[in-house]
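Peer 1: All chains should be modelled from the sequences, with the hints used to inform the complete structure.
The primary structure of each chain is shown beneath.
Number of protein chains: 2
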Amino acid sequence: MTPIEQMGQRAKDAARALAMLGPEKEYALLQAAGALRAHEGEILAANQEDLQAGEEKGLAPALLDRLRLTSARLEDMARAMEEVAKAPDPIGQVLLGEKRPNGLAIEKVTVPLGVVGVIFEARPNVASDCCALCVKSGNAVILRGGKEALRSNRAIVSVLAEALAGAGLPKGCVQLIEDTSRASAQELMGLTGYLDVLIPRGGAGLIRAVKENARVPVIETGVGNCHVFVDESANIDMAAEIVFNAKTSRPSVCNAMETLLVHEAIAEKALRRIAARLEEKGVELRGCPRACQILPQAKPAVEEDWETEYLGLVLAVKVVGSLDEALAHIARYSTGHSEAIVTESYGNAQRFLQAADSSAVYVNASTRFTDGGEFGLGAEIGISTQKLHARGPMGLSQLTSYKFLVRGSGQVR
Amino acid sequence: MTPIEQMGQRAKDAARALAMLGPEKEYALLQAAGALRAHEGEILAANQEDLQAGEEKGLAPALLDRLRLTSARLEDMARAMEEVAKAPDPIGQVLLGEKRPNGLAIEKVTVPLGVVGVIFEARPNVASDCCALCVKSGNAVILRGGKEALRSNRAIVSVLAEALAGAGLPKGCVQLIEDTSRASAQELMGLTGYLDVLIPRGGAGLIRAVKENARVPVIETGVGNCHVFVDESANIDMAAEIVFNAKTSRPSVCNAMETLLVHEAIAEKALRRIAARLEEKGVELRGCPRACQILPQAKPAVEEDWETEYLGLVLAVKVVGSLDEALAHIARYSTGHSEAIVTESYGNAQRFLQAADSSAVYVNASTRFTDGGEFGLGAEIGISTQKLHARGPMGLSQLTSYKFLVRGSGQVR
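So the sequence lines, in the order shown, correspond to chains V and Y. For the first sequence, numbering that gives the first Met the number 0 assigns the number 0 to the initial residue and increments by one for each residue that follows. For the second sequence, numbering that gives the first Met the number 0 assigns the number 0 to the initial residue and increments by one for each residue that follows.
No lab work stands behind these hints: they were computed from the structure. Be careful, since some hints might not be right.
Copies of one chain are not kept apart here, so a pair can be met inside one copy or by any two copies together.
Unchecked claim - Capping the alpha-carbon separation at 30 Å, the derived lysine-lysine pairs in BS3-like fashion look like this: (1) K107 to K85; (2) K98 to K85; (3) K146 to K98; (4) K210 to K11; (5) K107 to K11.
In this text, all values refer to a predicted model and were calculated from it rather than measured experimentally.
Peer 2: Structural data, given as structure tokens:
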């Protein structure tokens with residue numbers, strides 16, 4: 000067995016034991032959260048080394064910021080773990096129960112998935128978030144983070160693993176693959192027989208690599224080419240505020256908008272108003288020919304602009320002739336994350352809600368709300384952009400499967 | 000675009016239109032069922048050609064039987080379609096609904112998966128079953144059957160497609176890939192961008208090939224290495240009836256049992272009684288050394304026997320020292336389909352239900368009940384042996400995804 004297969008076996012053994020536990024999981028996660036606080040010194044020191052190495056390597060400031068831990072951020076991580084720890088146990092819930100005419104009593108009951116793999120990039124809080132969500136839902140987790148965060152992840156995972164084992168959970172609940180080579184990611188993607196699901200958390204490049212190479216079941220997350228369509232009947236002030244918020248409140252996240260579609264009947268007034276608002280934050284505009292006529296400051300958009308998740312202060316702008324043209328554009332270019340319409344028309348709102356095929360579809364609200372916390376679903380392990388198993392924010396419930404328990408008294412068929 | 004990509008595009012277009020429909024789906028499927036009856040002559044003639052070619056090629060009698068259509072079997076297919084047609088629409092159901100403190104109204108609503116691919120082998124009824132289940136759940140379906148059944152499938156699918164289109168459904172709801180080469184299956188497995196899920200229906204070889212080659216999301220179905228464990232406290236008469244039923248009532252199906260595990264404290268009495276019952280059907284026994292001591296008629300089992308889904312009148316038999324040893328054997332060799340314990344012990348029943356990690360786990364009943372109809376879930380497209388998305392019998396509900404609809408009044412975050 001390779002080292003990663005050995006980790007897979009340990010995780011599988013741990014998962015079998017974890018599946019039997021109830022309140023023990025809450026206790027152990029509270030201990031683990033406390034351990035993060037107690038080991039602040041060594042975690043921040045490890046993070047400091049990562050940051051220093053990153054600066055020497057010339058990492059981009061945005062990446063360094065994602066990598067950076069502070070006392071406050073570590074406290075946030077501990078609190079997030081505590082919140083997950085105290086959530087209702089998602090395991091053992093009876094989804095259906097029926098007594099059949101032949102006397103068989105059938106129950107459909109939630110169970111853990113088993114072993115969850117997570118490939119992530121530079122944010123060290125992903126390690127503690129995933130650990131809490133997976134363990135609370137009775138799953139063992141194998142983490143494989145980016146090399147920029149290796150020292151931080153090692154410090155965090157060793158603190159968490161020790162605390163969980165100290166609280167009586169099986170060893171192997173949470174493990175970190177310390178080999179950050181391409182080969183280790185590749186091996187994890189092919190770890191059939193051990194992994195029940197692999198969740199990539201990161202940019203479009205990572206997701207694509209996982210989609211192309213994985214032989215274990217995968218849940219795609221987090222690539223958001225989100226659209227806002229300003230309909231003919233829109234309230235222009237509302238449209239400007241929604242676009243401003245969706246584009247600029249946190250441009251680096253997946254629920255930020257990337258393309259504005261505007262109905263031609265309102266384009267001139269709406270675009271001028273919206274562009275003025277976006278100018279406050281220096282947003283660069285890339286428009287279709289008609290948008291560029293209205294907005295001389297816009298650069299001409301090329302085909303690639305419609306496909307791109309900028310994750311920055313750039314916005315593609317297109318004038319469309321109808322709701323249907325907007326829907327067709329979205330069907331072609333969207334990644335299935337979040338779309339919004341701004342409209343005063345009941346019929347167009349209903350049609351957009353039904354026809355836009357994305358995980359979250361909004362009327363008169365910002366796409367930025369696509370988030371487990373904002374939806375009232377609790378902490379999330381990612382936002383699924385696929386339709387199988389889970390769609391949209393994935394919380395504890397989406398980390399479960401189910402099985403049928405059948406109690407009889409000698410029935411045969 | 001290749002011909003299969005063109006089918007993918009047609010399916011995708013059809014799926015977008017199908018997603019909007021409600022009662023039209025029921026009407027169209029009833030028309031399609033009627034069309035099966037109306038075209039009985041040409042469908043049975045096409046089937047006759049398949050059977051003749053199969054006989055000339057020397058296909059096994061069991062395979063020919065699966066391939067064979069009769070007037071009665073065609074009537075069963077039409078009735079099954081009608082039942083699915085009349086089931087409640089699984090689309091548009093509100094799974095959750097909440098008004099958030101900021102005034103956003105959030106609903107989690109069921110939607111179709113989109114485009115479903117099905118690779119199947121020789122049973123032509125799979126074509127009509129899958130068509131009914133997929134269309135009722137708002138999905139377009141691309142079928143790729145085995146070459147032995149090509150003429151039958153072509154006749155059935157052309158009748159169904161014409162009837163559905165005649166009833167106003169979009170063209171491309173149901174399509175058959177007529178190229179039965181390995182390459183066409185391979186291409187379907189890689190049809191990312193078009194297929195939302197691929198469901199292989201067939202033997203272990205097909206499932207393995209799909210698992211290894213697919214780049215689209217897959218739901219594994221139908222491989223059942225099912226176990227019955229006769230506990231120390233079992234009622235021996237009940238155990239004999241359950242084993243007899245699970246092994247012999249229909250040995251070629253996935254919920255039939257393949258391995259008998261017996262507690263050593265009851266092994267001698269139980270095995271003699273069970274073996275006598277199985278002898279009536281001429282079941283061949285392959286035992287561990289201790290089982291062979293008790294049953295001189297048994298052949299010695301080799302490692303492969305514990306892994307094999309015989310799908311015939313062969314049974315592997317093993318004497319174990321404890322419930323835990325039985326559970327460990329199941330954890331090692333099971334395909335995660337169905338397992339049963341026969342016991343009078345409350346504690347052992349509870350422990351088996353919790354610890355056996357399969358889609359259906361039974362106390363004192365035959366594994367043969369794992370079936371959508373028997374569970375009261377309606378017709379099924381297959382029995383999933385994986386944990387992601389769907390587990391156990393997959394009916395209409397398991398052919399759906401969901402999305403979040405969010406209605407606001409200008410909310411920004």
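Peer 1: Each hint: holds or not?
Peer 2: Status of the hints after comparison with the structure:
no. : hint        : in the structure
1   : K107 to K85 : both (24 Å within a copy, 24 Å between copies)
2   : K98 to K85  : between (33 Å within a copy, 23 Å between copies)
3   : K146 to K98 : neither (54 Å within a copy, 42 Å between copies)
4   : K210 to K11 : both (23 Å within a copy, 20 Å between copies)
5   : K107 to K11 : within (23 Å within a copy, 33 Å between copies)
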